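There are 2 protein chains.
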Amino acid sequence: MPRIRHITLPQGFRAAGVHCGIKTSRQEDLAIIVADKPAATALLTTSNQIIGAPVQWSRNVLPRGYGYTRGIVINSGNANTCVGASGLADAERMARYAAGAIGCKPKELLVASTGIIGKPLPMKNVREGIEAAARRLSRHNDRAVLRAMMTTDTKEKYAIVQERIGGEAITIAGVIKGAGMIAPSLATMISVITTDARIAPRLLYRTFKEVSADTFNAVTIDSDQSTSDTAVVLASGLKSKKIKFDTKMYHRFARALREVCLELAVAMARDGEGATKLIKITVTSAATRKDAIAAAKSIAQSPLVKCAIHGNDPNWGRILMAVGKSTAKVVQEKTTVKIGPITLFSSGAAKRISKEVLEKLEEYMRRDIVEINVNLGLGKEQFVAYTCDLSQRYVVINSKYHT
Amino acid sequence: MPRIRHITLPQGFRAAGVHCGIKTSRQEDLAIIVADKPAATALLTTSNQIIGAPVQWSRNVLPRGYGYTRGIVINSGNANTCVGASGLADAERMARYAAGAIGCKPKELLVASTGIIGKPLPMKNVREGIEAAARRLSRHNDRAVLRAMMTTDTKEKYAIVQERIGGEAITIAGVIKGAGMIAPSLATMISVITTDARIAPRLLYRTFKEVSADTFNAVTIDSDQSTSDTAVVLASGLKSKKIKFDTKMYHRFARALREVCLELAVAMARDGEGATKLIKITVTSAATRKDAIAAAKSIAQSPLVKCAIHGNDPNWGRILMAVGKSTAKVVQEKTTVKIGPITLFSSGAAKRISKEVLEKLEEYMRRDIVEINVNLGLGKEQFVAYTCDLSQRYVVINSKYHT
Chain A
1 MPRIRHITLP
11 QGFRAAGVHC
21 GIKTSRQEDL
31 AIIVADKPAA
41 TALLTTSNQI
51 IGAPVQWSRN
61 VLPRGYGYTR
71 GIVINSGNAN
81 TCVGASGLAD
91 AERMARYAAG
101 AIGCKPKELL
111 VASTGIIGKP
121 LPMKNVREGI
131 EAAARRLSRH
141 NDRAVLRAMM
151 TTDTKEKYAI
161 VQERIGGEAI
171 TIAGVIKGAG
181 MIAPSLATMI
191 SVITTDARIA
201 PRLLYRTFKE
211 VSADTFNAVT
221 IDSDQSTSDT
231 AVVLASGLKS
241 KKIKFDTKMY
251 HRFARALREV
261 CLELAVAMAR
271 DGEGATKLIK
281 ITVTSAATRK
291 DAIAAAKSIA
301 QSPLVKCAIH
311 GNDPNWGRIL
321 MAVGKSTAKV
331 VQEKTTVKIG
341 PITLFSSGAA
351 KRISKEVLEK
361 LEEYMRRDIV
371 EINVNLGLGK
381 EQFVAYTCDL
391 SQRYVVINSK
401 YHT
Chain B
1 MPRIRHITLP
11 QGFRAAGVHC
21 GIKTSRQEDL
31 AIIVADKPAA
41 TALLTTSNQI
51 IGAPVQWSRN
61 VLPRGYGYTR
71 GIVINSGNAN
81 TCVGASGLAD
91 AERMARYAAG
101 AIGCKPKELL
111 VASTGIIGKP
121 LPMKNVREGI
131 EAAARRLSRH
141 NDRAVLRAMM
151 TTDTKEKYAI
161 VQERIGGEAI
171 TIAGVIKGAG
181 MIAPSLATMI
191 SVITTDARIA
201 PRLLYRTFKE
211 VSADTFNAVT
221 IDSDQSTSDT
231 AVVLASGLKS
241 KKIKFDTKMY
251 HRFARALREV
261 CLELAVAMAR
271 DGEGATKLIK
281 ITVTSAATRK
291 DAIAAAKSIA
301 QSPLVKCAIH
311 GNDPNWGRIL
321 MAVGKSTAKV
331 VQEKTTVKIG
341 PITLFSSGAA
351 KRISKEVLEK
361 LEEYMRRDIV
371 EINVNLGLGK
381 EQFVAYTCDL
391 SQRYVVINSK
401 YHT
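Quick note, the sequences are listed as chains A and B, same order. Going by our numbering, 292 is the number at position 292 of the first sequence; the sequence numbering is gapless. Going by our numbering, 150 is the number at position 150 of the second sequence; the sequence numbering is gapless.
Honestly, the hints are just simulated from the structure, not real lab data.
When chains are identical, the list treats them as one kind, so a pair holds in a single copy or across two.
Listed below are the simulated DSS-like cross-link pairs for lysine-lysine, each with C-alpha atoms no more than 27 Å apart in a straight line:
1. K290 x K329
2. K124 x K23
3. K360 x K119
4. K351 x K23
5. K23 x K355
6. K351 x K400
7. K241 x K37
None of the values given here were measured: they were computed from a predicted structure.
Please model the complete structure; the sequences and the hints are all you need to start from.
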């Protein structure tokens, strides 16, 4: 039987996912992804001030966000968050059990958890799960690994890029879970990326941080932000010469990493809770990059815009409103609003559109990707944000009793 | 037949509301509220950078936000926004027609419009409406006035306070429309308050601005912000001695004005689109007032919190998440979260609650007012914000095709 592969495609990694009873369903709920030898690692975590114990643990492992680790232990079904002092002890225990089973130090393993909050982890199940997963570590379990990360996700989301760098073919593969910080009880974005490229931890971190600014951080589902968001890159270094900053190799690597992150981010937006459409928002000609980001995110976070797109309504007025309420500098007379190929507002007034164009627009609105373009006419900076529409299903999913 | 009265209860005001065909329904869509003589006036308008032509006109009338006017002309059904240069000319025409009919200068009249945007006002109807309303100005049309301001509002929202100031009884009455910046095509908050107290325009403005910070500005429905929000106080000065700053009279007046504004603001939150519950969020012991406001508004704007309350789910985790993502300083271990009378989170961990308490909590959640209390344990500042729950009906209302 052919096996789906992604996270262990780059050389030097093994992984396994198992069901150990944290989730009440039969779905996998515990995964380990390990590098055969210490791998250069870059870690990004939530900017929420309330953080889960696993985030605390992982920050303790990599206080500057980079260093060498052997991988990550992940569970779903329970976020190990807001449970008091036992939370950090439990996160540490997860690292210790896994370290014992694979033969490394606890401080060489990151931990990430997602699921309900405020309840202690069932540590007996977790321990059994870790031991079972450690026994099954291989290059044939990628699908179970990804499923063990998922909560309300409806799709298995992964991306693979291969690129020739300095004469050698390197692979970057990534998996992601999360309906974008919006799932019940704060389901979280967790992403793990593996590569066999060779790069120093510090440069890897710097690159990852830069890349995530317009990939992971360009996605918003509902403006809420999890307490447990975690994104990690592990580089085994088995396939390329060492990548040095600002070389041709570096730029190729950074571009490949961006491609993986962007594909994961867009897949996450598209799989947002209740989503029926992906919305891509491009703001151009902003006075500053900060303005471009603020304007694009304000549109992406506007419930009114998201409801309108859900209803196939080309409501440019709401788009203008969202731009106007943002911190970005906006001049009404200089702003142009397009939906798809059609200009709806420019020079301070609505464009008159023919019946023919209106029909074209209505057809466009029914697509499953809707693009919004706002030209601020004030400068040269731009930003692209991604979100999904706001449907009744979002409310249904998120008003169920979870606590 | 007894008549509902509010806006003309204070001495010195007349008003009328008529249907002139701006709305396709038969509901009133044009109103005039006038002071018999120039009244001290304070004006607050939206902070959105994209503004409607009527807001532009009113700002031209009162560039500093205060002065003397004869009143305001209001229409619903069309916001006269984003229609190009003709918009301001049409707003001016509204003032001119009304000024001609009541005998004052156009620059003595404010204008406010709410409804669809991007379409020119039907000026023939508007002119007929203004002339008809001017003929009917009296103290017996208050209900028609309020109905002429409404769009998706489901309730007529008004408030009246009488207070003895310096030995005389003054009246402050207010009307409000707006489901809180959330109605189709950006329906707007418009509020008009009349009083027969005597106060200088500048002091009236200062007081109104202060009062609105924790009344009108404490309400958020969905974080979106209209291009046309307008709130006005008109003081005829017929009933009290002149109110001077920081006197006993002043404090009584300010308190009475606050009471009217708060009642209007809360009524607006309760009438938010699709709302089934009012949510009152109190943040206490914040390090700074700015922090208290940021934390309270972050909770009030969180779709996840609003969905949870809609589903009667006492999901304190989402409340913590919303506080943590705000700009307010938050320390997990010092934060206490209560819903109604019940503490759910303190000292860094979830409170264990008995079955008895859980039943009490579940009963509490089914009420139509839910109170959330967050104590940040860091200082002495506090803020109260108001919002409503997020229901499927919100999505239904706002995903209909309007444009």
